[in-house]
Amino acid sequence: MSIFFLQFLVDIIFLTLVVMHLTKKNFVAVVAFSVQSFVLTLLFFASFLETNNVSILLMVFFTLLIKVILAPMFFLRLIRENHLSFSVNTYLSMPITLVIIAVLTFMAHSSKFVPLTQIVPTHQVLLSIALSSIFIALFLIVNRKETISQILSVLSLENSIVVFIIFAGLEQSPNLQIGILFNIFVWIMIATVFVSLVYKHFGSSNVTTMKNLTD
Amino acid sequence: MYLISLFSSLVITSLLLVLIKKRILLEIISLLSGAIVLVHSFLIALSVASHGVYSSSLFFSVDSFGALIILIIGCIGFATSVYSVAYFREETKKGIVGFRRVKEYFVLLYAFLAAMCLATTANSPIFAWIAIEATTLSTAFLISFYNKPSTIEGAWKYLIINSIGLLLGFFGTMLYFTSVPSTLNGGFVGWNDLLSSTSHLDPLIAKIAFVFVLIGYGTKVGLAPMHTWKPDAYSKAPAPLGALLAGALLPVAFSVVLRFQKITDAVVGSLFSHQLFIVFGILSIIVAALIMFSARNYKRLLAYSSIENAGIMALGFGFGGIGAFGAVLHMLYHSCVKVVMFFSAGNLLLTYGSAKIANVKNALRVIPFTSILFILGFLIVTGTPPFGIFLSKVYILSAGINDHPFITFSAIFFMTMVFVGFLKHITAMFLSKDEESNQEIGEKNIWLIIPPVLFILLVIIMSFTLPAFIETLIHDAVIHY
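In the order they appear, the protein sequences are chains Z and Y.
When we follow our numbering, the leftmost residue of the first sequence carries the number 48, and every step to the right adds one.
When we follow our numbering, the leftmost residue of the second sequence carries the number 3, and every step to the right adds one.
Derived by calculation from the structure, the hints in this document are not laboratory data.
Each hint should be verified, as a subset may be incorrect.
[Unchecked claim] Label pairs and their in silico Cβ distance ranges:
hint	chain 1	residue 1	chain 2	residue 2	range
1	Y	T230	Z	V240	18 to 28 Å
2	Y	G271	Z	T169	24 to 34 Å
3	Z	V240	Y	K95	28 to 38 Å
Ideal Cβ placement from N, Cα and C applies to all residues, glycine included.
Construct all of the structure, not just a fragment, from the sequences and the given hints.
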């Protein structure tokens, strides 16, 4: 598959993460995650076209089902049931957030991370963007104050790592990947239950309201 | 065969318990299954001690270190089952939990035990990762067991922090796969494949990968600064679960880090991993020592003690040689003594209805057996002679005194601080007089005393003599470190 098309796909993943940083609405964040997961599905499909390994189609199916359809459905239902349309603030203001995103992106492209981005020399640009997506997803987790945003950030981190793995040629057997995906699915279900519980007990999805545990 | 029946009994128990509608049946099945796991863990350990690596298929195998951990899981798992039955009977009497909750607890408990056994025996690093992640998933609801705001908060932190940690661990794990073709063994790459392909692994990638693995799985171990979930989770989980989290999960996660250490050392030499272990180890000891002094909750106190002891183990593996031997020994003693302390903490909680140190007064008179157990546990876990942990600490510190005198003396200083801090709380809880107390005097139930008594006897006996098969396993396990 053309490197430019692959770069276009990985750019979309990167941009969805930027959108998740900037949006004030949970709905937009969920849609961004869904788009991100759909791009991941396309990458798996591209892998199938290259290898003709039919079991990769299973991965395509399960990723589509779990990450593109089921997970966003869970989240949208949570938003509707708990009236969580608007996300609570971030710890850092938007300009500072953008500056940090730029710094993280620059860092991922710097010579410090060449050992990682040169795993497959022809994919250096793709791996650099995937690495910056990993960093930005990590930053998203620590910068968001809201439970749904934190869950979406963790899942985006997982997506970014999987994208890195694909471009680094480190894909595992489809059976193992389905095992990982099943784990992620159970994680999503448990995490959504906890979002509801947090809202029920604290009357808010803002994690800064949780102050019961101190030394 | 042993492994298959071990997994089968755990999985079948977990599934069977879902269907049970009578409490007595639930308890009998749990106890029976706990006993089966205990017997199997001994059989596996004996088999490994006499015949070497035990393997039942391409997917699972147990080496000496794994056998020690399986033994720990089996012993603590059975003790936890026995103690949990008695503990939840008392909580039911008080109207704290009902049958549905108890059932949920045992179902998740056995799922947790199965996940830990899987993580220890999995031949593939990816399988091990899936299993470790499964330990997080199975215990999240156990931490929020009492369904209060504080328990939900503890469980949420546990879920998020551990998930992030494990994703970083996953990233590190995948970086090790750069040394092997993805088509190897039909895509099933095992620990041995990674170990035999170290010549193809870029040293810089190996270093980066190990940092990610250490941070990732180190989160599960509870090494500072990734320890923040631990006090919250330990203090909010039911007391019997605390014993499993501190006694069994910690060594399970540590064993995964050590497997990666072996691969990294083969690529870049042992200096790199040893330095990282020393840094994380001493940091954990310092953090725990500083916070323990001002702790106000005795279950959180035990969590900080776990962080300190994880740090001591890391220090032992960092110093290497006899230090590694001390670290394995320390792991064994620490697991056993934490069972005693968490079970005693459970008894204190049942008697006083509070985990706050300030609310526990004159415990030595109110619940004498539990108090003696807790005090003995304190003496053992802080390394007071002549108990085993004193010996393991001496091994670890003597390994570091030549090459890292500053670190070693700092460790001694902060360990002393831990002892003083712990002692302050022990004095307040067990020796202070409370004239106005109207606490009912006496232990609640003999079965709340028997499991910790057996474990304290085990630690005391093992402080002076180790069974031959355990000694063989320890010596065989530390050869590589």
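A quick look at each hint next to the structure:
1. A hinted range of 18 to 28 Å holds for the C-beta pair Y/T230 and Z/V240, which are about 22 Å apart.
2. Hint check: Y/G271 to Z/T169, Cβ distance near 31 Å, so the stated range 24 to 34 Å holds.
3. Separation of Z/V240 from Y/K95 is about 29 Å and conforms to the stated range, judged on CB atoms against 28 to 38 Å.
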